[in-house]
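Chains as they are written, first to last, in the working numbering: chain A, 1 to 330; chain B, 1 to 529.
A few of these clues could be false.
Here are the simulated lysine-lysine pairs, BS3-like style, with alpha carbons at most 25 Å apart [what the hints assert, rightly or not]:
no. : chain 1 : residue 1 : chain 2 : residue 2
1   : B       : Lys-95    : B       : Lys-36
2   : A       : Lys-205   : B       : Lys-357
3   : B       : Lys-193   : B       : Lys-503
4   : A       : Lys-65    : A       : Lys-237
5   : B       : Lys-126   : B       : Lys-255
6   : A       : Lys-79    : A       : Lys-234
7   : B       : Lys-362   : A       : Lys-205
8   : B       : Lys-200   : B       : Lys-36
9   : A       : Lys-205   : B       : Lys-356
None of these hints come from the bench; they were simulated from the model.
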Amino acid sequence: MSLDLAFIFRVLIFPGFAFIFSLTMFCDWVERKIEARMQNRMGPTYTGPAGILQPFADFVKLLAKEDIVPSDTKSVVFKFAPVLSFSIFVFALFFLPIDGANVVLNSGFEGDLIFVLALVSVANFFLFLSGWSSTNPYSAIGATRVLTQFLGYDIPLFIFALTSAFLANDLSISTISASQPVPFALLVPWAFVLFIITLQAELEKDPFDVPHAETEIVAGYETEYSGRRLAFLKLAKDVQIVLGAVIVVELFLSGPYGPVFLGLPAFWYTLWFILKVLFVVMITEYLTCVFARLRIDQVLVINWRMLIPLSILSLVATVAVAFWLNPMVG
Amino acid sequence: MTNVEQNVLTALSGELGEKILKIETPQPEKIFIRVKAGVHRDALRILLSKDESTGISAITGVDLGETIELMYHIRTCGTVVTIRTEVPKGEARIKSITDLIPGANFHEREVADLFGVTFEGHPNPKRLILSDDWPKNLFPLRKDADVTNIETKAEKVTPPGRDKQSSDIGTLINVIVGPQHPALIEPEKFSLKVDGEVVKEVDLRIGYVHRGIEKAAEKRTYLQDIYLVERICGICNAAHAAGFCQTVEAIMGTKVPPRAEYLRTIILELNRIHSHMLLLGHAGLEAGYETFFQYMWRDREPVMDIMELLTGNRVIPSFITIGGVRRDTKEERIAEIKAKLATLKKKMSFYKQLLKKDPTLKMRTENVGILSRLDALKLCVVGPVARGSDVKMDVRKDEPYAAYGEIPFKMITYSEGDSWARLMVRLDEVSESIGIINFALDNLPTGPYRVRVSRIVPTGEAISSVEAPRGELFYYVKSNGTAYPERVKVRTPTFSNIPSFAKIAKGGNLADVPISFVSLDPCFACNDR
Numbered sequence: 001m002s003l004d005l006a007f008i009f010r011v012l013i014f015p016g017f018a019f020i021f022s023l024t025m026f027c028d029w030v031e032r033k034i035e036a037r038m039q040n041r042m043g044p045t046y047t048g049p050a051g052i053l054q055p056f057a058d059f060v061k062l063l064a065k066e067d068i069v070p071s072d073t074k075s076v077v078f079k080f081a082p083v084l085s086f087s088i089f090v091f092a093l094f095f096l097p098i099d100g101a102n103v104v105l106n107s108g109f110e111g112d113l114i115f116v117l118a119l120v121s122v123a124n125f126f127l128f129l130s131g132w133s134s135t136n137p138y139s140a141i142g143a144t145r146v147l148t149q150f151l152g153y154d155i156p157l158f159i160f161a162l163t164s165a166f167l168a169n170d171l172s173i174s175t176i177s178a179s180q181p182v183p184f185a186l187l188v189p190w191a192f193v194l195f196i197i198t199l200q201a202e203l204e205k206d207p208f209d210v211p212h213a214e215t216e217i218v219a220g221y222e223t224e225y226s227g228r229r230l231a232f233l234k235l236a237k238d239v240q241i242v243l244g245a246v247i248v249v250e251l252f253l254s255g256p257y258g259p260v261f262l263g264l265p266a267f268w269y270t271l272w273f274i275l276k277v278l279f280v281v282m283i284t285e286y287l288t289c290v291f292a293r294l295r296i297d298q299v300l301v302i303n304w305r306m307l308i309p310l311s312i313l314s315l316v317a318t319v320a321v322a323f324w325l326n327p328m329v330g
Numbered sequence: 001m002t003n004v005e006q007n008v009l010t011a012l013s014g015e016l017g018e019k020i021l022k023i024e025t026p027q028p029e030k031i032f033i034r035v036k037a038g039v040h041r042d043a044l045r046i047l048l049s050k051d052e053s054t055g056i057s058a059i060t061g062v063d064l065g066e067t068i069e070l071m072y073h074i075r076t077c078g079t080v081v082t083i084r085t086e087v088p089k090g091e092a093r094i095k096s097i098t099d100l101i102p103g104a105n106f107h108e109r110e111v112a113d114l115f116g117v118t119f120e121g122h123p124n125p126k127r128l129i130l131s132d133d134w135p136k137n138l139f140p141l142r143k144d145a146d147v148t149n150i151e152t153k154a155e156k157v158t159p160p161g162r163d164k165q166s167s168d169i170g171t172l173i174n175v176i177v178g179p180q181h182p183a184l185i186e187p188e189k190f191s192l193k194v195d196g197e198v199v200k201e202v203d204l205r206i207g208y209v210h211r212g213i214e215k216a217a218e219k220r221t222y223l224q225d226i227y228l229v230e231r232i233c234g235i236c237n238a239a240h241a242a243g244f245c246q247t248v249e250a251i252m253g254t255k256v257p258p259r260a261e262y263l264r265t266i267i268l269e270l271n272r273i274h275s276h277m278l279l280l281g282h283a284g285l286e287a288g289y290e291t292f293f294q295y296m297w298r299d300r301e302p303v304m305d306i307m308e309l310l311t312g313n314r315v316i317p318s319f320i321t322i323g324g325v326r327r328d329t330k331e332e333r334i335a336e337i338k339a340k341l342a343t344l345k346k347k348m349s350f351y352k353q354l355l356k357k358d359p360t361l362k363m364r365t366e367n368v369g370i371l372s373r374l375d376a377l378k379l380c381v382v383g384p385v386a387r388g389s390d391v392k393m394d395v396r397k398d399e400p401y402a403a404y405g406e407i408p409f410k411m412i413t414y415s416e417g418d419s420w421a422r423l424m425v426r427l428d429e430v431s432e433s434i435g436i437i438n439f440a441l442d443n444l445p446t447g448p449y450r451v452r453v454s455r456i457v458p459t460g461e462a463i464s465s466v467e468a469p470r471g472e473l474f475y476y477v478k479s480n481g482t483a484y485p486e487r488v489k490v491r492t493p494t495f496s497n498i499p500s501f502a503k504i505a506k507g508g509n510l511a512d513v514p515i516s517f518v519s520l521d522p523c524f525a526c527n528d529r
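One chain only, chain B, in its complex shape (with noise of 0.2 Å):
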């Protein structure tokens, strides 16, 4: 436990007391404090009052039996504190803390939906992520849900329709943008309210493509695991599979080998690499920038090649294995990727001039969109997003995982908040994507690349973050001893970010509503698990 912690830890007991049952620290540096429900409120509000960037990074719910207990992970003063609480299955509910952080919003929501707890005071408390026929009192998550039959209880809904709500009022027409919309590749609903072709009201409905990944994670083996979480996102697969087996290894203690944490930290830059183009060029698209568009696309395919290079997959790589890696890389490989990043970092300068001197390429961003500091502070943004706000946030900085305490890189920010400085923190990025990868290349320790580890894991339970390539990728794993883990919680890094949508849309421009919504890179697969 490092200075930082004993701090908060300090300024929590000081406060709060008898009120703490137990600090418990199940891997260094990371904090897990339980209290009584309702306590959760005045521990969030010290953190609050110590550090006024505190926010949420997840909720995690793991049913107990005969109770369900509820994990607030608090991003506060550089380091990541988990509160815990109870509730009692028959009486699941608590106060709501959206008041405190608006972005607990999603998370509350969501641990509504798939455990039954009930948060008082919530202001929206509406279906997110399960479908509006799933059956009222039946809860995916917990232990004893009964899902055998499913398509008999179903709930009877009503067709949206033509009715008064979705149908035009007065002066404001409903665009109803998905869930399946010409327009949105995967699907998610929008209504907007426009009035003209400004935007009055926004409204996120999310959980179309929800296949209930969490409660398959238990069903399989950790090794099988990572090859379901990886399937969460085709596009920041190697972030996940990262997140997942980094947590296991915390559980287990593995030491993984400096040359397998090297490959990990190249081969998840270069997934970085490549969602960032794929957003780019996304982003072209939407402001109807069609060659843009063509010329990103078609330089991300040698990052494509990289990989294949690398792992012998070009998409999903299935690099990344509890206790290193699954391959090595020979000598003659460096240079020939060496060779493509280069050529790609020429590029880049070049779209860089393009995106800062553009003149209708900057009329469509600029002032689009804004996202002002603190808001993103509220909101709990996370990844290029939060550092298109100004907020100085990058999990490769705050807490190192991988080589990333070994390499020296800038964290890009942008003070402007605006859909134009959140597709330059990306541009950047990429940029400083190529450097890591080359020091990594160039200082690739020798020794093994793996090693092999058990394939039951010791009961325990750990929490890790990666920076993914659309921000902080949260995982919680929670073992119960066999080869089956008892609860695996996957934290997207858009289900942080989509929230601000509603914000960064409203008043604005109907036509800036698809830039402003990509330069988010939602990733509505990742979003719904």
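Next up, chain A with everything else stripped away, as it sits in the complex (with noise of 0.2 Å):
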């Protein structure tokens, strides 16, 4: 087999590892911007240009700091999960159209959402693992608040995919979103709200950022570790909300696709796609802006009681209603 440049191109530089990176480190500035001027404050000003550099520098900061081991810690998964996890976040990515098409061109299958999917809670699972395995009490409570939240949230958040998936009849997450001229947040608003909610709670942002509420648990899973896994644990969860930003872009907001002009479809999609994955970005920080942080019982009563019924009952009125909106599906 000879060396495909292209291919590498694809998966290292645009729109694979390189792009996904530096994409994560801006919407964490953006985010960090948006928090900071609706609380009133600055935000990072110093590095590079108003700021933009400042995740990148903290990112690199982290990587050149010591970094401590517990003794006490089951080493081999305390020291892998930071990775494990944040390289399955960024796998996941790979299977999202980004410039028009996958990271690996025609990767896209029947059912790959339900692959995504998974492989998110299979990401979340090593952040469970990593504070697991940090036998410490802050670290355990977090991690134990972990498993709990996602093992309620991600059933709502499958049932909403449906809909999108629903509507446009097909598992494919490139199909889905190709086949929105019109947007599906416009067709079923319903469920692009509760989508947003229930990813709020996925990506454990206030209201629901039990897992690490500082005041309780200190730093929840990540209490035990410093230096690069430290790094690698925060990318990971910087890359954790561009990936259901990404999501949901592709799910209800049509993915990358938008108006063309000049004919260059590449350059536009990747505009549009960026465009749209701020969009999001700034619902899910004005969300954590406004609000308080929920109780753990109280997060799981949201879920159960209110999340997983609305999640069928915005299934059953898509079904009703798909009908009627057939002809606005591509």
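Make one complex out of these two single chains by using the hints.
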């Protein structure tokens, strides 16, 4: 087999690893800026123009710090959980159309929606393992909270994702995003809103950021981490936020597709993609700013008593109106 | 002496009769009753039967040479009765009153630590204030305590480490918060035994920031002591200065000019506003509501500016002094202060709406950390904590000091007794305080702002309370006729409030611990002194 340079370029540079990494850093900066401005603060200003390089500087700084592994930890899991969780999140992103196609061309297959969502759950499980292997009470409680929270919220997340799949009549993400001349967010707004709320819990953001409630359990499952492992754990969390936003974009905001001018689809698709991701990030950040943190039991009550019944209702409603919506589905 | 005190006195002398050795009134409206050791419990029982809300303000120990005098300052029937008794220094034992008033628990342990008095029948006679390696038979507040070369006398203590007690037992996880913990700004230790997310047991250990201020005050002149007591707490410093100065003025019989009384009131209320806003912001942070925190602290800045305008300093104003205040204010500043307060008032009504309506904030604070009225009375909590549990108690109303007797204001109480109520009390009090300051500025009397006093204080003793932002702040000063006090006792509001934490945390959720704890507005530096 000959070396396929285009393939390597796509995987490593664009729209693969380097692009995803820069997008993550950029989204992190946007989040911090939005949160700061909403709270009447400055946010990062020092590194790069308007502080845009601050997330990168933080990452590099953590890489250079001393890496301490507590003597009691189950070391293999403790050492590899951050990297594994990071790589699985990135891997999941490879299946989502970014510049009009997947990272690996034509790698999408029928049912990759379920595959991607399953990958997210596995990556979350590694976050749990990272805390569980720390043998620190704060980490242990943080880890159990991660597990309890994701166990519940994965169910409505799947069901809401099915709404889009049902409308597009396909389980492949590429097809779903390609069949939205009118974004599904406009056709089934209720599912879009509820999906964002569920995502908020999935991303551990306010009001659902109980797994690392710093005033109760320090940093939750991250407590014992330092140095480059912490850097990768934090990066994994940031990629997770981007991944969450991208899933919303693909399922409800017609993916990277939009008007194309001057016949450069790859450029325009990437631009639309980034703008849509930023739009979702803005919404989640806005929600983070206006809510207080709930308690773990309240988080679960919201999940089991509200979101799961609502998700089923939403699916039923979508089925009911699907007949009239069909002409608007490409 | 007014009717209230007369009634209490008649009741006590009627029942105790011969057992009362002496009745003293060193200052008007404050009764000191001297009884034999042991009779203090009878006196307490009589007071309890007369008024169910009888609580303890403080227990003061004084070293008299051969004996140790114990003073139980009892809040009862709207006045403070001091029951004093003596125990011999060699055989310092006395019956505990914790069974009668559970709130005396910490007070007794403190006296036991600092004076070496054994309280018989105390449920938990462990160290409270002194560190674990402090020499066993050295009691720092006794006059003959030899504290030279103290390092060499330190006790051997085994570090808690990973022994059986501190590690996990069965399904209970031992979550230790403190003494060093990222979520605690000051060092104090709370051991929480947690079953899943439910708190089963709470153990408190304080004293990590004990600086021996009461002892240090004996080595300084009265004037130097003002600056010392201000540094007990950086937040409610004006209340400390006011409490100390009032007590010394009571011994000297100094009459403070009315203008100074009004200026004192203004600075005390500014103190309250900025303390309450600091706490409310902090509560937002504990509930994971960072936006609320950032906004609250941003709006607190103008209050600090007003303090600077009035006194020249932003944080510790050093404004109040014995005989008045240290600086007069100008007419043109008043308009500026009022404008800033008007803006603040508008913002406070917005925050009130927020705290009343925001669903997540309500879910986190409502029915969380409930302290019932009965428990509040039993544990003798003070200030906003008591008022949040529907206990009508405010030193500004009960025993008006400074200009509070002349200024109309409402006492804020809420009956819910949960964290939400305690936060609401503070939010409403900020608005009341703005009203008080506006009234005081409008009616600022003319005349001198201080009287010069002698640096030597005549022999005597006095007690005084002020309503600090966190509640009743109690001072006792004994003078021996020199420029140095014989004894200065400070009982800070947090010291009275902190035992209630064990009550409200038990049975609750681990996630509720920070918010219910912070709703008590604890100040550890005050607490330990």
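Results of checking the hints against the structure:
1. Of the pairs offered as hints, the one joining B:Lys-95 and B:Lys-36 holds, with about 12 Å between alpha carbons and a cut-off of 25 Å not exceeded.
2. Distance hint between A:Lys-205 and B:Lys-357 is fulfilled; the C-alpha atoms sit about 21 Å from each other, no more than 25 Å.
3. About 14 Å separates the Cα atoms of B:Lys-193 and B:Lys-503, which keeps this hinted pair within 25 Å; it holds.
4. For the hint linking A:Lys-65 to A:Lys-237, the alpha-carbon distance of about 19 Å falls within 25 Å, and the restraint holds.
5. Note on B:Lys-126 and B:Lys-255: the hinted pairing is violated, with a Cα-Cα distance of about 44 Å set against a maximum of 25 Å.
6. Our distance criterion of 25 Å between C-alpha atoms is met by A:Lys-79 and A:Lys-234, whose separation comes to about 14 Å.
7. Of the supplied pair hints, the one linking B:Lys-362 and A:Lys-205 holds, its CA atoms being roughly 18 Å apart against a limit of 25 Å.
8. Between B:Lys-200 and B:Lys-36 the alpha-carbon distance is near 41 Å, which puts this suggested pair outside the 25 Å criterion.
9. Using a Cα cut-off of 25 Å, the hinted pair A:Lys-205 and B:Lys-356 holds, with the two alpha carbons roughly 23 Å apart.
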